[in-house]
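There are 2 protein chains.
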Amino acid sequence: MSEQKVYLLGGYQTDFARNWARENKHICAMMREAYEGSLRTTRIEPADIKAAFIGNFAAELYCMQGHLGAFFVDFDPAFRGLPTSRFEGACASSALAVMSAMAHIRAGMYDCIALIGVELMKTASPAKGGDYLGTAAWYSRESAGVEFPFPKLFGKLGDVYEERFGLDDTYLAQIAAINYANAKLNPNAQTRDWFMSYDHACSKGQYNSTVSGRIKVTDCSQITDGAVCMYMASAPFAAEYARRCGITLESIPYIQGWGQTTAPMEFSAKVAESENQPFVLPWTRKAITDAYSRAGLKDCWDLDAIETHDCFTTSEYMAIDHFGLTAPGQSWRAIEEGVIELGGKLPINPSGGLIGCGHPVGATGVRQLLDAYKQVTGTAGEYQVKNARRVATLNIGGSATTNVCFIVGK
Amino acid sequence: MSEQKVYLLGGYQTDFARNWARENKHICAMMREAYEGSLRTTRIEPADIKAAFIGNFAAELYCMQGHLGAFFVDFDPAFRGLPTSRFEGACASSALAVMSAMAHIRAGMYDCIALIGVELMKTASPAKGGDYLGTAAWYSRESAGVEFPFPKLFGKLGDVYEERFGLDDTYLAQIAAINYANAKLNPNAQTRDWFMSYDHACSKGQYNSTVSGRIKVTDCSQITDGAVCMYMASAPFAAEYARRCGITLESIPYIQGWGQTTAPMEFSAKVAESENQPFVLPWTRKAITDAYSRAGLKDCWDLDAIETHDCFTTSEYMAIDHFGLTAPGQSWRAIEEGVIELGGKLPINPSGGLIGCGHPVGATGVRQLLDAYKQVTGTAGEYQVKNARRVATLNIGGSATTNVCFIVGK
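Chains as they are written, first to last, in numbering that gives the first Met the number 0: chain A, 0 to 409; chain B, 0 to 409.
Since the hints were made in silico from the structure, they are not lab data. There could be a bad hint or two in this list.
Because identical chains share one entry, a pair is satisfied inside a single copy or across any pair of copies.
[As the list claims (entries may be wrong)] Dumping the calculated DSS-like pairs for lysine-lysine here, alpha-carbon to alpha-carbon at most 25 Å: (1) K297 <-> K24; (2) K127 <-> K183; (3) K285 <-> K49; (4) K49 <-> K4; (5) K385 <-> K155; (6) K297 <-> K203; (7) K183 <-> K297; (8) K49 <-> K127; (9) K127 <-> K385; (10) K127 <-> K344; (11) K24 <-> K155; (12) K183 <-> K121.
Whole structure, please, built from the sequences with the hints as guidance.
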């Protein structure tokens with residue numbers, strides 16, 4: 000079957016620096032604000048929207064609220080009756096919403112779908128929030144009674160790199176510094192006004208305390224409240240939308256390739272499986288190479304930028320070789336050579352990523368996709384990668400259990 | 000676009016009378032048992048399965064575990080890397096998994112998908128469980144501080160019927176008695192060994208206490224631990240499967256029609272909206288009529304049975320007129336005339352439904368679909384509807400917020 004193109008029509012990201020818990024606003028208000036913002040940044044009208052798909056990790060825990068899909072219906076009288084659904088795959092929740100929207104569009108079921116990724120996390124104390132995040136792993140085996148399970152699991156990812164290839168933590172500090180630096184150019188980034196430097200990221204102690212193992216505060220992504228709303232559409236709808244906007248269909252980005260895999264849940268099982276393989280996380284690698292092959296890419300050098308899932312500096316370190324910027328285990332070379340910096344040969348996380356822009360868990364997959372859209376349409380403002388024509392995203396859930404990669408281009 | 004048929008290849012339901020919390024088993028073990036059972040009841044092999052979609056309402060609350068989709072990967076070495084996803088729409092969670100599986104198959108993305116609906120609920124006390132279920136409604140407005148929010152909301156549904164059309168509660172008692180009677184024929188029904196009679200369902204007091212308003216214990220569906228695994232496939236896969244089984248493609252059921260709608264979240268908004276309309280829940284009605292029209296049905300009399308969402312007797316009372324068995328508000332006629340009984344003109348819930356068979360929330364949509372499959376393949380055993388060729392299912396989430404209807408036939 001010849002695959003139908005699925006187009007991206009832009010969207011809106013809330014300011015990730017806001018604290019919605021302190022603003023005393025319901026998660027529904029955050030979704031609504033993302034939706035209403037998207038009406039201003041696109042020329043989508045309520046009557047265009049045929050379904051709404053919501054990615055969210057754990058509003059049940061953070062907000063004592065399930066059934067998030069249904070809230071969309073309240074946003075406009077035109078939405079009464081609209082099909083809605085909620086998708087969950089831990090930190091990759093909204094990438095799964097994207098996958099399903101793509102399927103519904105290609106199946107001819109809906110021609111324009113609203114996608115919202117959302118998470119309200121600041122309702123919980125750091126300890127409680129860490130425990131909630133533990134449900135993204137195998138809770139009873141990996142998280143119960145562990146103060147911060149995810150820094151521990153992604154610390155171990157660094158340990159595996161150290162054992163197999165060697166790892167100098169100053170490269171992790173550079174990853175942190177680059178993400179924070181990029182975030183300063185992003186008006187929606189959570190850390191845009193925070194002080195950060197490579198020296199600070201290298202430091203250890205009172206002002207950069209250890210969270211778990213080799214993971215220090217500066218190695219971590221943020222606890223973030225945020226939502227993103229964007230639109231996906233069929234080719235006929237995109238063509239009509241292009242006419243409405245006075246642009247050509249060719250100027251609208253579409254999903255050129257995708258890859259989705261699931262690795263065994265437990266991190267120890269992942270590592271055991273990859274023992275004698277070149278890549279530490281072979282299923283993450285496969286999601287990427289599947290996306291490359293569906294998009295007809297030779298390798299990563301056909302890309303102009305990457306938005307990857309840097310929940311910790313170690314996960315970005317992993318992404319560098321898994322995307323193929325270097326041979327396995329040699330990610331430090333791309334860092335040392337400036338390849339991944341804004342202005343480098345293949346910038347990673349021009350937005351600031353999860354470390355700099357923020358990580359509202361269930362929103363991240365759609366946020367990455369919206370940033371890819373902005374890059375390839377030349378609308379990323381100060382964090383624009385020059386002449387970006389093709390951008391990859393990688394959203395991972397759990398300890399790289401769910402892996403979803405998209406290639407966005409025109 | 001001509002719509003591709005999506006076939007159902009059978010599956011397996013766990014015994015809904017079991018108490019998995021008391022057995023001290025993880026929700027993953029329940030999913031696994033449903034999956035392994037499905038290998039015995041179908042001729043599906045692990046290598047056939049290209050993706051696994053899991054419907055679950057709130058394992059985060061009941062089991063402190065998210066990311067349920069990923070557990071599937073552990074069930075067989077062949078599943079390493081398999082795309083997985085989890086779907087949530089309150090009590091209609093697994094119907095949303097079915098919708099998405101249908102979309103992926105029709106889009107040509109996967110040719111055979113494993114579907115699991117699962118809920119482990121007996122981990123929580125009745126009060127705590129009632130509170131968790133409250134997250135399926137607008138928690139802060141409808142559930143917080145309310146002892147049992149859902150009996151209250153569905154009691155109000157009865158009140159609306161009473162105000163608009165008149166309602167004699169003995170008809171609700173008959174609905175309960177019929178569901179319990181049917182459940183006695185279902186070897187997987189939770190209540191198959193329970194005492195129940197019409198007189199008992201009519202009684203009120205020490206042995207049939209009031210839960211909220213007009214809702215007594217006998218008007219309620221059960222708190223149930225259970226999982227169901229079944230398979231959906233493309234036409235080419237189903238044809239190959241038919242050859243493997245020595246049967247014809249025409250003997251394999253497929254989804255003939257579907258309807259999916261979302262009503263406003265709050266029950267009061269639903270009722271206000273339908274004030275001057277013939278149907279109390281117009282969006283539930285639309286999900287049904289959309290399914291009829293996609294399946295090319297004239298009306299409900301083209302059906303041989305219905306598996307509906309009787310979370311309370313009032314929701315089945317609503318389903319009777321919304322499916323069109325009677326004029327709006329006249330559901331009592333179909334009850335009085337024996338239409339909905341096993342052996343009647345259009346049996347409802349031959350399985351026993353949510354009241355008799357049980358209601359593991361996130362499993363119910365797939366359980367209904369599996370029962371529809373059993374009916375149209377003549378494999379429903381003692382609760383078989385004679386010569387059933389076409390069966391409808393209705394799965395609702397929240398106070399009839401998410402509504403999904405399927406028509407299954409050959």
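Checked hints:
1. K297 <-> K24: Intra 47 Å, inter 47 Å, cutoff 25 Å: neither.
2. K127 <-> K183: Close neither inside one copy (29 Å) nor across copies (45 Å); limit 25 Å.
3. K285 <-> K49: This pair counts as between: shortest inter-copy Cα distance 15 Å, intra-copy 33 Å.
4. K49 <-> K4: Both: 18 Å inside a copy, 22 Å across copies.
5. K385 <-> K155: Neither, since 36 Å and 60 Å both go past 25 Å.
6. K297 <-> K203: neither (41 Å within a copy, 73 Å between copies)
7. K183 <-> K297: neither (33 Å within a copy, 61 Å between copies)
8. K49 <-> K127: Neither way: K49 and K127 sit 37 Å apart in one copy and 36 Å across, limit 25 Å.
9. K127 <-> K385: neither (42 Å within a copy, 55 Å between copies)
10. K127 <-> K344: neither (41 Å within a copy, 55 Å between copies)
11. K24 <-> K155: Neither: 37 Å inside a copy, 28 Å across copies.
12. K183 <-> K121: within (22 Å within a copy, 49 Å between copies)
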